[in-house]
Amino acid sequence: MAKITKANQQLAAAHNRALAIKLLQHHNQLSRRQLAQMIGLQNSTLSYIVRELLEKNILISTGKRESKTVGQKQVLLEINPKLGWCAGISIFSGNVSIIYYDAAGNQLAKKSIAIPNDFDNLAQQLRQTINLFLAEFDAPPGQFLGMGIGVPGIVQPETGVICTSSDLKLTDYPLKHKLQREFADTPISILHDADAAAIAEKTAGSARDLHSFIYLMISIIKKGAGFSFAGYGSSIHLDGQHQAGFHHAAGEIDHRLYPQYDEILTKEQLDLLADPDAKLGPTLLEYAKQLLTSLAIITNLLDPQAYVLGTNFPLKNRQFLAYLYDNLPNQLIQFPDRSIQIHYAKLGEEAVCHGAALAALEQALIKRAAEDFTNNDNPITQLII
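Numbering (this note's numbering), first residue to last: 12 to 396.
One or more of the hints may lead you astray.
With a cut-off of at most 27 Å between alpha-carbon atoms, the simulated DSSO-like pairs for lysine-lysine come out as follows [what the hints assert, rightly or not]:
| id | residue 1 | residue 2 |
| --- | --- | --- |
| 1 | K67 | K93 |
| 2 | K122 | K67 |
| 3 | K233 | K180 |
| 4 | K93 | K121 |
| 5 | K67 | K378 |
| 6 | K278 | K300 |
| 7 | K121 | K84 |
| 8 | K75 | K121 |
| 9 | K121 | K33 |
| 10 | K378 | K93 |
| 11 | K327 | K233 |
| 12 | K121 | K233 |
| 13 | K33 | K84 |
| 14 | K234 | K33 |
| 15 | K233 | K290 |
| 16 | K189 | K121 |
Quick caveat, the hints were computed from the structure, so don't treat them as lab data.
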């Protein structure tokens, strides 16, 4: 039998703390017993972990779990919303959207600004915007825990380098390094915008109960007097794991896999896609047909359980979704009991900000959980920007 070293024990403890935090981010509230069952730990071991996280102010007790059985009700745990706050940021098509969240993922405020003409000025502009938020909000409780940024293009999450982004016209751009000049002590997470949106949908949206899914991001931009389907990206999740690819480029969809559709849509046609009950005309049904071909190719290659379709505009039309769902099976390699679910994303335009914030919060909370706790009376200090 392999000898269990102290280093292995510490690694296992760190893993279990991180898993407890991730589960509470996903489920919002859980009892000790539920956490122990989900992680696969004895109640005594889990109680030690929970006690440590409570002492560090990462978790708080909140109410009791209703139970039909006789006995003591289980106390519920949740991430402490007053531990601090973070910024979730989406950069796309000339615009920077910023949404502020507390440590539990509750939205505090939001702001939208234009991308500066010189992208190197982004960090300074973000600092000014965050200062305004602090002034307007009268300083939210706790520390500034971090910021997460979702960007279009291929990103190296470990280094925060944008390898390439056609939307931002950047190549080999060290975004994280640039930001840390302005936010030296702030944890920063940089990720692909589709990956950020998928995190949000998995946590609080249409992918909550999905084990294998592809989040497909469809981008629409203003073009002349109308609107155009401008680009596609995806986030691939198979067998419960995000698939980033060897170069972190998995999920990128180039023009050869785009739906063959060049029509310019009117505002009225776009409104039809946003109306759940609207009847679609031939132009929009042709787009559904072309999108169907792209979905069939991806499905035959990767075999997901489901698709979650996300856009930067409200996509809610039932006829459009029904067309995809009814016709996709006919274009797939056939075998018994094969079925593919197709869902609209639930969180809409805020998904990228939400997911980026969750990624930043997870990083910050896990880091805090791993730190040695030395003073139970140490208050949560306010970060002054």
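Against the structure, the hints come out as follows:
no. : hint         : in the structure
1   : K67 to K93   : 12 Å, holds
2   : K122 to K67  : 31 Å, violated
3   : K233 to K180 : 18 Å, holds
4   : K93 to K121  : 18 Å, holds
5   : K67 to K378  : 12 Å, holds
6   : K278 to K300 : 21 Å, holds
7   : K121 to K84  : 38 Å, violated
8   : K75 to K121  : 32 Å, violated
9   : K121 to K33  : 24 Å, holds
10  : K378 to K93  : 17 Å, holds
11  : K327 to K233 : 20 Å, holds
12  : K121 to K233 : 23 Å, holds
13  : K33 to K84   : 24 Å, holds
14  : K234 to K33  : 41 Å, violated
15  : K233 to K290 : 23 Å, holds
16  : K189 to K121 : 23 Å, holds
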